Amino acid sequence: MSSVIQSRWWSWGFRTAVMLYFIVLIVLPIFGIYGHSLSAGWSTFFDNLNEPLAWKAVLLTVKLAVIATVINMLVGTMSAWVLIRYRFVGRRLLNSLVDLPFALPTAVVGLMVLVLLGPRSFIGEWAERWGFSILFHEPAIVIAMVFVTFPFVIRAVQPLLEEMDQAEEEAAYTLGATKAKTFWTVILPNMLPGILSGAMLAFSRSIAEFGAVVLVAGNIPGKTLIASVYIFGEIESDNLHGATTVSVLLLTLSFFILWLVNVVQMRRKGA
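Quick note, the sequence shown lines up with residues 1 to 271 if you use full-length UniProt numbering.
A few of these clues could be false.
To be verified - Pairwise CB distance ranges, derived in the manner of DEER restraints:
#1 Val66 / Ile123: 19 to 27 Å
#2 Gly118 / Leu240: 42 to 50 Å
#3 Glu128 / Glu170: 49 to 57 Å
#4 Phe210 / Gly176: 48 to 56 Å
#5 Pro105 / Gly35: 28 to 36 Å
#6 Phe122 / Arg92: 26 to 34 Å
#7 Ala40 / Arg92: 53 to 61 Å
#8 Asn50 / Glu128: 34 to 42 Å
#9 Ala103 / Gly41: 19 to 27 Å
#10 Ile123 / Leu258: 31 to 39 Å
#11 Ser237 / Glu128: 46 to 54 Å
#12 Leu240 / Glu162: 43 to 51 Å
#13 Met78 / Gly41: 47 to 55 Å
None of these hints come from the bench; they were simulated from the model.
Note that the structure is predicted; figures quoted are calculated from it, not measured.
Glycine residues also receive a C-beta, built at the ideal position from the N, C-alpha and C atoms.
Please model the complete structure; the sequences and the hints are all you need to start from.
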């Protein structure tokens, strides 16, 4: 009897510890930032929300995040396919390097892009020779976002390819389907939940990126200033209400994206 009671106490203790961990680490900060954004009243909240530079920063962030996400959807899906379906020298090394952006500090990523696209680099010199610049312009921001987020689609699609029954493909070939038709009618529908989940996570990560982007964007208000850098600038200007207002906007968008990811995953499990 005492062992049963002790087991229940241990179980209750573990559950309580986990709940407290989530509350302190996630729930309280979320409530705190929403509360602070409204602490000066609704009028101040909407004044900060209607700030032209804030909206330009948010819209620019969303636009570039969409571009980076589309690139990652295409290249990430192809990369996952190659890493799963083909055997070649260096495949394991490439598969390990996929997770490199998760391990690198984002400031290091920004510095890597800065060196890659700088005026003394091959790419920078080539761009200047043709009369255009990449560094401190929108393309540099997209490149930084792509680098930071490209593992999401690959890692979401790979398990689906591993689980996929190749008998379906062989049956399609037996029935006379071409490789292209087999891909569109058999393979792609099986990969689609992973592609969508990975893409949405990549988009959510892109709109929040700061360390990699701040070094390569130029941070020109209204042109290359993205939302996370705008928030940092508002904090430096001692305008916490302005910073938390834009933060709440990004946070709400992230919640919506995560909800969509959960919907896609639940439908996949229920399929």
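Consistency of the hints with the structure:
1. Val66 / Ile123: 19 to 27 Å: holds (24 Å)
2. Gly118 / Leu240: 42 to 50 Å: violated (35 Å)
3. Glu128 / Glu170: 49 to 57 Å: For Glu128 and Glu170 the Cβ distance comes to about 52 Å; the hint holds.
4. Phe210 / Gly176: 48 to 56 Å: holds (53 Å)
5. Pro105 / Gly35: 28 to 36 Å: Holds - the Cβ-Cβ distance for Pro105 and Gly35, about 31 Å, lies within 28 to 36 Å.
6. Phe122 / Arg92: 26 to 34 Å: holds (29 Å)
7. Ala40 / Arg92: 53 to 61 Å: The hinted range 53 to 61 Å holds for Ala40 and Arg92, with Cβ atoms some 55 Å apart.
8. Asn50 / Glu128: 34 to 42 Å: holds (39 Å)
9. Ala103 / Gly41: 19 to 27 Å: violated (44 Å)
10. Ile123 / Leu258: 31 to 39 Å: This hint holds: roughly 35 Å between Cβ atoms.
11. Ser237 / Glu128: 46 to 54 Å: Hint violated: Cβ distance 34 Å, outside 46 to 54 Å.
12. Leu240 / Glu162: 43 to 51 Å: holds (47 Å)
13. Met78 / Gly41: 47 to 55 Å: Between Met78 and Gly41, where Cβ atoms are some 51 Å apart, the hint holds.
Checked against the numbered hints listed earlier, the structure breaks hints 2, 9 and 11; every other hint is satisfied.
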